[in-house]
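**Q** Here is what each chain is made of, one letter per residue.
There are 2 protein chains.
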Amino acid sequence: MSNQELVVLGQDDGDPACCPGLLTAPLDEGQAVELAKVFKALGDPVRLRLLSMIASRAGGEVCVCDLTPAFDLSQPTISHHLKLLRQAGLIDCERRGTWVYYWLVPEMTDRLAGILTRPAGDPLPDRTATSAGAAS
Amino acid sequence: MSNQELVVLGQDDGDPACCPGLLTAPLDEGQAVELAKVFKALGDPVRLRLLSMIASRAGGEVCVCDLTPAFDLSQPTISHHLKLLRQAGLIDCERRGTWVYYWLVPEMTDRLAGILTRPAGDPLPDRTATSAGAAS
Numbered sequence: 001m002s003n004q005e006l007v008v009l010g011q012d013d014g015d016p017a018c019c020p021g022l023l024t025a026p027l028d029e030g031q032a033v034e035l036a037k038v039f040k041a042l043g044d045p046v047r048l049r050l051l052s053m054i055a056s057r058a059g060g061e062v063c064v065c066d067l068t069p070a071f072d073l074s075q076p077t078i079s080h081h082l083k084l085l086r087q088a089g090l091i092d093c094e095r096r097g098t099w100v101y102y103w104l105v106p107e108m109t110d111r112l113a114g115i116l117t118r119p120a121g122d123p124l125p126d127r128t129a130t131s132a133g134a135a136s
Numbered sequence: 001m002s003n004q005e006l007v008v009l010g011q012d013d014g015d016p017a018c019c020p021g022l023l024t025a026p027l028d029e030g031q032a033v034e035l036a037k038v039f040k041a042l043g044d045p046v047r048l049r050l051l052s053m054i055a056s057r058a059g060g061e062v063c064v065c066d067l068t069p070a071f072d073l074s075q076p077t078i079s080h081h082l083k084l085l086r087q088a089g090l091i092d093c094e095r096r097g098t099w100v101y102y103w104l105v106p107e108m109t110d111r112l113a114g115i116l117t118r119p120a121g122d123p124l125p126d127r128t129a130t131s132a133g134a135a136s
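Respectively, the protein sequence lines represent chains A and B. Quick note on UniProt numbering: the first sequence kicks off at 1 and runs consecutively. Quick note on UniProt numbering: the second sequence kicks off at 1 and runs consecutively.
Among the clues, some could well be false.
If chains are identical, the list can't say which one is meant, so a pair holds when it fits in one copy or spans any two.
To be verified - Lysine to any residue pairs mimicking SDA-like chemistry, simulated, CA-CA at most 20 angstroms apart:
id, residue 1, residue 2
1, 83, 23
2, 83, 97
3, 83, 53
4, 40, 29
5, 40, 110
6, 40, 78
Quick caveat, the hints were computed from the structure, so don't treat them as lab data. The structure presented is a predicted model; accordingly, all values stated were derived computationally and were not measured.
Whole structure, please, built from the sequences with the hints as guidance.
**A** Spelled out as structure tokens, the structure:
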């Protein structure tokens, strides 16, 4: 499912440093809609924990049967969260016999990392003097 | 507002390569809750566009009066979205006279980029052979 959905978020050469996007130019509406879907999928603690369990697994893939026991949630709830991560292009899966196995789609996390990376050499601003009077 | 909230997401030495987190070890529940708040703030197209307009602005800050005209939304709605970005630690602001001025908190986007960056040298897996039968 993943390749076509990945392309809309930036150039497709796979280099995380390639894709300015978020920090160097205003996003257009279409880019923002696509990208927001992926961040929304990450905007839940259970999904973040699932993603980190899948991404950090030695061997690169995890049986759903090994994910569920870590949560005080039903199997259908876990499956729903996994489906949202998969629809966002962050993970993919394959059924083998009784169980479904999940793995990270590193091209998507690479792309997000690239989108959130400032241009090389862009210094951190010193806001110490001006931020004291922050208002809403 | 930002420094105390930033620390919970990882080490505080400011090096994006330092903070494995999401991809190299399972997140604990507390880390996941904190991090999900930030991604949730990014999970909306209007907020992503606002953030990109603020982050990419020459001079580093934007008057709210220059943000509102880009959207077909009321000033209070824009202010609400800006408040959510600010609460997430992604931007900060200061009132000067009539207007509020916003700027990026690059330490937070650096941290997110670091969290989403794979360990150096971690190759992309070849899933071509196994992903054809992907199931839900």
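**Q** What are the numbers of the hints that this structure violates, sorted from low to high?
**A** none
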